[in-house]
Amino acid sequence: MQPSALAPAAVARASTPAPSSSSSPRRGRGRRRAARRAGLGALGIVLFVGVWQLVPTAGLLDGRYFPPPTAVLPRLATDLGDLEFWRNIRRTMSTWAIGLVVATSAATVLATVIGLVPFLRSATHTTVEFLRPIPSVALIPLCVLVFGIQPQAALVIIVFASFWQVFVQVLYGVADVDSVARDTARSFGLGRWSRVRHLVLPTALPYLMTGVRLAAAVALILAITAEMFIGNPGLGRALIFAQSAGDYPQVYALVIATGLLGLGVNLVFRLVERRALSWHQSVRGEEVP
Amino acid sequence: MPDNLLTVTGLRKVYDSSTGSVEAIGDITFRMDAGELVCIVGPSGCGKTTLLKCISGLLKPTSGSVELRGRPVTSPPPNMALVFQEYGRSLYPWLTVRGNVELPLKHKYPSRSERGRLVEDALRAVGLDHAAASYPWQLSGGMQQRVAIARAVAYQPEVLIMDEPFAAVDAQTRADLEDLVRALHRERGMSILFVTHDIDESVYLGERVVVLSKSPTWVQEDVHVDLPDDRDQITTRALPRFTALRTHVYEQIQRAKRGEAVRPPAPVA
Amino acid sequence: MTTSSGAVARSRPRHRTWQRLVGGAGFALGLPVVLLLVWGIWASFAVSPFFPSPLVIGDAFVSTWVGPSFLQDVLPSLARLAVGAALSILLGVVLGTVIGLVRWLGDLLEPLLEFLRAIPPPVLIPIVAVLLGPTDAMKITVIVAGSLWPVLLNTIDGVRATDAVMTETARSFSLTRTERLRYLVLPAASPRIMTGVRQALSIALILMVISEMFFSSSGLGYRIVYFQRNYLIDQMWGGIVLLGLIGVLLAVVFSLVERRVLRWYHGTKEVARA
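Residue numbers (this note's numbering), protein chains in the order written: chain L, 4 to 292; chain S, 20 to 288; chain F, 9 to 282.
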């Protein structure tokens, strides 16, 4: 078997995302292309808003329940000047942040310990594979019973969902530690703790970052879901209130707000992940699905 | 009676970039007859791959023309087959060896049994009939390149173009593969255009060696290899004539690298 | 020269195989059994109305779900889930392939799609619910509107990242458009597509449950909330267990399909790692 046969292909594939852009230096063209892309992207959004405007105006959907952007966007602008809107964002984001921190730290510690001890790894495997696919929203009724509409109810759901994202990635990361590097560390008499610090954690860090990015997105989804269906205060509850009041421009404005929030979270964590990856590219293979 | 197969006339390729344009190929003119095995050799970075992509219709030349059987090549012609250097990326890992060899035949030969016969025959020719049901990634590098060759053979092209096909395999495998190429040429009369940076390989394989200059590239010399047709890794390479030719080509390449060779006013045919 | 060493099955002495099987079963079942025991003991000492013992839950599970209510509530839920997930995958792959192949279309839609994907899917439920009412169409629309994006965006990325040499190979052998799609583009993108499908399935399950919990008068989600509101704790737990089982079943089915579809992919990965 020739491992070298496939390795260069994988490297080359990773470095050339666009099929045809590898043949010559084209920086000037690249810049022009970036401008074209940005222009087309903006045009795409404008077209989308245009279609959205047409659908209720042409009567394809009822304008009362499907308000046009001319009703929604001004409403969003008003919201942006409203203190209660920002308070709701703060409530949502603080539940999100607490849930994410709790899930990440618990998952990192547990996954590192379990990943390092083969006995624990085999003993927990089925339990993990059974618990992980359970949809966290199934726990909503239980949490409502136990905690009522307190934020703890939301936290349980957020932590349960985002815990697995981090846990699984860190487990991959710890398993990815190079065996030669581990033997080297052992032969130089590094103790258990310094092996973990200097070998295991650096190897697992990029995986951790991927896990945290996935967990951040999941945590936001569940933070808002919990507010909607458990009723703890935040953007989600505001959305449900607006809907029961029949205030559909507000419902749509809040949907856009949650989308922007999600976009922001994605962008920030993708940036953080890329940072972590850039100085660890060598220790990591291709994307872990 | 020379039977003209491939004609490259005044081929030039310029890449545009922000820092100005780069002339990869200056002016290349040569021709190849049916049934010939021609090697193209040149210093590294002389635009061999660019030349091949122009010849195979994958890349548009800036000026000049490529004609196959008198017809200008503007897109990959159906009577030409390519073997790439990167066998790992040119074979499809989701298809078996048989599937890979069969794929280009699907629209050429609608009959399944006809295709099956061609595939069997090509795999036997490269000595891989036992591995038809394996996947490429289960094979060694040399065997993967054999699959790529079998795919080209089954396609029954008028000309087979090989782009540094053995650059990524180990020396022993390489010798075996070189003999395979010689055998395909001798036994099946295949016309082969073989690009390499290895001088020994070019002399051992070719009936002609086209020596390229450094970039912007032109044809520095067209060497006729007057070695016997029956070649053998040990005896042929030990012939004084082999050594002489190798030394000659080597010197030409060295001159090319130093840029000493002077471009002739008219191209040599 | 040998063929794959991976194709050669190594035979082991039989008693060691047995030992491994028993050991494997011990590892597989040990922790779950211990956890259930601890829970059972804890539940029989501490009197918490919300955490009945596993035996009680098991009883309630059987009496609630085995019988007509399986046909009434569970099967329709599963059918909606299946239809919604299948539609998302189909739409995602078809649209994603087109968008991935046509560069200007991709440039045009990319920022928009990034935004649409970032919307937390459950917020779409009230919107779709008011437009379509508490119908099956509503639930399926909600599922598609939420789980389409991971398939779509992953397909676009996968299609775009088709290897340059593989594309040139297809061109040099003059493969037709359909052949390129069937034998190059789609298989090359399949690892990414499967990543998207995995995410889509878990989102689809979440959306099925919530849309039934809060905007429906039938289905699994509705029943669980009904039990909760009527303080039928054992039955509610039974429902949660059933949802868990469905999640696990979905994951198992997915990983079986994935292992089959991506056999070549895992194979190449293994070779590269060796």
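You may find that some hints are simply not true.
Cβ pair distances, simulated, as ranges [to be verified]:
| # | chain 1 | residue 1 | chain 2 | residue 2 | range |
| --- | --- | --- | --- | --- | --- |
| 1 | S | D241 | L | L50 | 55 to 65 Å |
| 2 | S | Y34 | L | T73 | 48 to 58 Å |
| 3 | L | V58 | F | Y239 | 41 to 51 Å |
| 4 | S | S63 | L | L50 | 45 to 55 Å |
| 5 | S | S63 | F | L113 | 50 to 60 Å |
| 6 | F | R267 | L | G33 | 35 to 45 Å |
| 7 | L | S197 | F | A90 | 44 to 54 Å |
| 8 | F | V91 | L | T73 | 51 to 61 Å |
| 9 | L | S197 | F | L113 | 22 to 32 Å |
Computed list of chain F residues with no C-beta within reach of chain L, every gap over 10 Å [to be verified]:
| # | residue |
| --- | --- |
| 10 | V46 |
| 11 | V55 |
| 12 | S61 |
| 13 | G75 |
| 14 | E118 |
| 15 | S182 |
| 16 | S225 |
By construction, these hints were calculated from the structure, which means they are not laboratory data.
Since we're looking at a predicted model, the values are computed, not measured.
For each residue, glycine too, the CB sits at the ideal point set by N, CA and C.
Hints breached by this structure: Of the numbered hints given earlier, those the structure breaks are 5, 8, 9 and 14, listed in rising order.
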